[in-house]
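Student: Knowing the structure of chain A, use the given hints to seat chain B on it.
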Amino acid sequence: MAGGGFDSAESSGSDRGKKKYHKGKKLGVRIDMTPMVDVIMLLLTFFMLTTTLATPQVMQINLPKGEEKDRVKVDMGNVLFIRVSSQGNIYFSLGKSDGSEMLPERIPFENLRRTLESYFAANPNLLMLLKFDRKMKYNQMVDILDEINRAKIERKYSFLPMEEADIQIVTAAGG
Amino acid sequence: MKKARSIKKPGINIDMTPLVDVIMLLLTFFMLTATFKAADSEAIEVSLPKSVNTDSTRLPESDIMTLTLTKTGDVFLDVDNYNVRKEVFGNEFAIGLYHPDSTTQSEYLQTGKIGNKEFKREVIPMNRAQFEKYINDLRLNLINRTDGKQDFRIVVKGDKDTDFGVVEDLMKSLKETKNTRFALVTDLKSATLE
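Protein chains in written order, with our numbering: chain A, 1 to 175; chain B, 1 to 194.
Errors might be hidden in some of the hints.
Short derived list, chain A residues pointing at chain B, Cβ under 8 angstroms [said to hold, decoys possible]: (1) MET36; (2) VAL39; (3) MET48; (4) ILE61; (5) MET141.
These aren't lab readings, by the way, just hints derived from the structure by calculation.
Since the structure is predicted, the reported quantities are computational estimates derived from the model, not experimental observations.
Each residue gets a CB set at the ideal place from its N, CA and C atoms; glycine is no exception.
Okay, chain A solo, but in the shape it has when bound (with noise of 0.2 angstroms):
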C-alpha cells in the first residue's frame, strides 16, 4: 500500500487511500467530454433520421413469354380456375378433361393456401390460370400471390383477362 501515514483501518479501503495520493499530487489530465458527446450525439441522431435500414422487399413475377413457339396445349382436366371477384371474392374451379369445368367453390382467404396444398396433392400438374377482376385491388393480388408462393406447391401460374363468360360465372356463384 503506497499512500502510507494513516492508521490499519483506515488504509485497509485502498480507493481511499488512492485518492488521497491522487489529490495531493495532480496526477492525470481531466478532459471535459461534453462538447464531444454533444456532436456525436448529433451526428448519431442525423444518421439514425436518415437511414433507411430495412430496404423493402421484392416478389418476383415471371410471366410467360408469349411467342409461339413457347404455346403449349395444357390439358384442361390440368387447369384450376382462380377468380377473384370485384368484391374480391376467390373463386375455385377444377377443369374437366372433356373442356367444361367444375362449378365454382369460394374460398375464403384464410383457407386459401390450404386449399391449394389439398388440390395439388390430389394433382401435382395442376396449372392455376389466374383471371382477376379489374376492379380488384392490388393489394389483394399481392395477398393472394403471397399465399401461392407460401404453399408448398409447385408455382405454376399464368394470368388470363377476366372476360364477360367470367364474370357471369361468378356472379352466378354469388358475385
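Tutor: The following block gives chain B in isolation, referenced to the frame of chain A:
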C-alpha cells in the same frame, strides 16, 4: 472526517467514457450501414402492400426501372440513372406518366398534383405506344452505355389501393416489350405464428 471530505467536492462527476463508447459504436454502425434515401427524394409516395414473401429477395441497389402505380391509376416511369434520363427523356429530372385506364382521367394531368402533393419534376405524359417505346429506349440506352454489362431491373411499386386493371394493363405492356421478369415491391408482413 469522511463527511468533511465529501462536502469539499462540489457537484457530481459522472464518468462519461462508457456512454461515449456506446454512442461511438452506434455511430459507427449507422455510418457504415447508411444507405441514404434516394438522392432525388422527390419519390412518389405510395403505401405498399404487405407480403410474407418466403423467398426474401431484396430490392437491388442500382439500375432500377421503377414503375410507380398511384391509387388513382397513374403509372410513373422512372429510372435511377440520370444520364439515361437525360438522354432519353431530354431532361435529367423528367419522369414518364402513363394512364392506362381510358375510362378515368389522370390525376396529375387534371390537378397537377400526385396524392394531393406538389410534384416538382417534369412529367412527360405518354400513351401506350410511347410508354412501351420509352421502356425499350431506356433499357437500350443503359445497355449501350455500359457495353451490355448493365441492364435495368424492372420494379413495380404499386399502391395497395390501385385497381388490378391498371396492373393488368401494365403487365400487358411489359409482356409486349418482352419484359417478362419483374418484381413487385412489398413491405414485410410479420409472419403470423401457426
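Student: All the hints need checking, so say for each whether the structure fits it.
Tutor: For each hint, the structure was consulted:
no., hint, result
1, MET36, "holds, 7 angstroms"
2, VAL39, "violated, 10 angstroms"
3, MET48, "holds, 6 angstroms"
4, ILE61, "holds, 6 angstroms"
5, MET141, "holds, 5 angstroms"
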